[in-house]
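There are 2 protein chains.
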Amino acid sequence: MMKKLINNPDDIVRESLEGMAIAHSDLIKVHLDPDFIYRADAPIKNKVAVISGGGSGHEPMHGGFVGDGMLDAACPGQVFTSPTPDQMLEAAKQVHGGVGVLNIVKNYSGDVMNFEMAAELTVSEGIPVRNILIDDDVAVKDSLYTQGRRGVGVTVLVEKICGAAAAVGYPLNQLADLCRKVNLNGRSMGMALTSCTTPAKGSPTFNLGDNEIEVGIGIHGEPGRERLPLKPADEITEMLALSIIDDPAYSRTVREWDETKGDWIELELTDPTFQTGDSVLAFVNSMGGTPVSELYIVYRKLTEICEQKGLKIVRNLVGPYITSLDMQGCSITLLKLDDELIKLWDAPVKTPALRWGR
Amino acid sequence: MMKKLINNPDDIVRESLEGMAIAHSDLIKVHLDPDFIYRADAPIKNKVAVISGGGSGHEPMHGGFVGDGMLDAACPGQVFTSPTPDQMLEAAKQVHGGVGVLNIVKNYSGDVMNFEMAAELTVSEGIPVRNILIDDDVAVKDSLYTQGRRGVGVTVLVEKICGAAAAVGYPLNQLADLCRKVNLNGRSMGMALTSCTTPAKGSPTFNLGDNEIEVGIGIHGEPGRERLPLKPADEITEMLALSIIDDPAYSRTVREWDETKGDWIELELTDPTFQTGDSVLAFVNSMGGTPVSELYIVYRKLTEICEQKGLKIVRNLVGPYITSLDMQGCSITLLKLDDELIKLWDAPVKTPALRWGR
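Top line first, the protein sequences correspond to chains X and F.
In this text, residue positions in the first sequence follow our numbering: the first is -15, and each later residue adds one.
In this text, residue positions in the second sequence follow our numbering: the first is -15, and each later residue adds one.
Isolated chain X, as found in the complex (with noise of 0.2 Å):
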């Protein structure tokens, strides 16, 4: 039996919505039918708008990082489902303040597809839209949901990144630029200690032994690299860092839109790789069912291997930020940091989700 603090499982999104907005009046709006979140205030003229939006059962990615310096607009989806062309169409319009909309896409095909269609339908109604793909995660190439990899922990830092940008008054290519720089600086790789339960299904989405570990996991259940028995913390922390880490550089065509254009164009992208003297951010996330005691353990080992690598790490993020419902597990991301990035970084924000600095 599947239990859960729910009423009936076809009305989650919608109560959660519900319970989100009343809870953060001050700082966000819930729109239902179609389904999106967005800035009490928006629009903000001559900001550029910055939207995103996934399936649900990830919070609080998206809908909690709705607000001044982070997201302008989130479309969440039901819950591990994309959400539709006509939601980023409403909040585009809803949040566009004359300068353009940012659309910040984890790679999975359902999001590219219907984000693609939103984009199209966007700039038919004459607001400037470029659409950035997130795919950090290193774990595997090709998965359930995703021609090349998948998109996860990058994504809470791109968009607290590109939201303080936009708040400073970056114009819409510029942003675009630092989007796409964003996710080629960071990587990210996760593992699960136990499944998740999707409402809709009612049972575990995949099973794992009592003693076994699966490693690259995606934040849907997505198999990983492989399955191994349960191990230490440390060794575990080490195995997702020197994933990470070691990584060769990966080199993904990208689709998108060009403005002038008036058409997709494909951009051939590669990363650069973590050198010794890089300074990063590194980030432990929860996903989801994991007491932040234990993401402290983990931290703690991961500064003892990005010491031993050479990285250094100047700024850190430790919570649940982009769950898998009620699944044990983490994830790590490092983002490797310039200026630009820490200044960006360092700005204040207000959601739900994150706050510092006002």
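Among the hints, erroneous ones may be present.
Note: identical chains are not told apart, hence a pair may lie in one copy or across any two.
What the hints assert, rightly or not - Dumping the calculated DSS-like pairs for lysine-lysine here, alpha-carbon to alpha-carbon at most 27 Å:
| # | residue 1 | residue 2 |
| --- | --- | --- |
| 1 | Lys165 | Lys215 |
| 2 | Lys77 | Lys245 |
| 3 | Lys29 | Lys293 |
| 4 | Lys77 | Lys13 |
| 5 | Lys185 | Lys334 |
| 6 | Lys296 | Lys77 |
| 7 | Lys185 | Lys215 |
Simulated from the structure, these hints should not be mistaken for laboratory data.
Position chain F against the provided structure of chain X, taking the given hints into account.
Relative to chain X, chain F alone:
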């Protein structure tokens, strides 16, 4: 087999503290043996030092609440085990700013006894001390580890409010009065969907059937009021909320240190009950394993019930703040507010787990 991100179970408190100290070195420092977390900039001269502590396993409470505008120090015991008097004594000596120490003590027999011993030791070092008891859990009177009511969710709120009051210069006696008032003004009740698993035992602390919930659970898995079949979130929310709102006045005798007599005195204290027209802070807390999306479903229903009962929710807190390891479930706390408490709640705070306004 116990699935956690830990190394040797004996090391988890120390390793977690070390990771936390590295992650938040701008805010806190950690002293080991005896263990306590303290403000990086302590002692703050001429400010009353606010200290709390208790068993580990309830993170982010208390260590996550150390910082500007909240606690000066937190003393963590082993998991679900009281800290020892030498921890509180050494913490007091480290953070004492010359005008006394307020100890915020959750009502568990071990905590009460050890904080009383600590108070006597601290007084003998020439440091004025007040211990104030938190006992807000309406579920049961006398429990596995408690005489009277257990101390739960109000602890988080009292630490924020008293931390803010200390920061603006409340002297020790006035701060103790405020702390006592917040405790009397607040009430909580929790429920569990699942048990938690302590690292020492390695298996669930108690057994709940596949279709059972425990209503009135304690934060260490202590038995609640009743075991019931699983219900929709709205019904569970209504049970918890009405238990809190309709609870009759509760009287108890508490022991407090009397500085002028140099001895313990007994005080008879009675709660005010909730009345139509009251302004309240509504706090929906995750027991650890329950995702924030479900907390918003609970919060949504809670606002309906409060409205029906004539209570005006003017502030709220939704998230995992006083947890029981990986337990799934939630608790609700309502705190009657007045202008003084609202002002102190809104004051800036900068800690690992709560941060706003600065």
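Q: State whether the alpha carbon distance between Lys77 and Lys245 is at most 27 Å within one copy, between copies, both, or neither.
A: within (23 Å within a copy, 69 Å between copies)
Q) Is it within a copy, between copies, both, or neither that the alpha carbon of Lys185 lies no farther than 27 Å from that of Lys334? A) Result: close neither inside a copy nor across copies, 35 Å intra and 41 Å inter.
Q | Intra- versus inter-subunit Cα pairing at 27 Å for Lys296 with Lys77 | A | This pair counts as neither: shortest intra-copy Cα distance 42 Å, inter-copy 34 Å.
Q. How would you label the pair Lys185, Lys215 (within, between, both, or neither) given a Cα cut-off of 27 Å?
A. Between copies only: 18 Å across, 29 Å inside.
Q. Is it within, between, both or neither when you check Lys165 against Lys215 at 27 Å Cα-Cα?
A. Neither, since 35 Å and 48 Å both go past 27 Å.
Q | Same-copy or cross-copy closeness of Lys77 to Lys13 [CA-CA at most 27 Å] | A | Cα proximity of Lys77 and Lys13: one copy only (15 Å, versus 48 Å across).
Q: Classify it for me, Lys29 with Lys293: is the Cα-Cα distance of at most 27 Å met within a copy, between copies, both or neither?
A: Answer is neither; intra-copy 45 Å and inter-copy 41 Å both fail.
Of the hints listed earlier, those the structure fails to meet are numbers 1, 3, 5, 6, in rising order.
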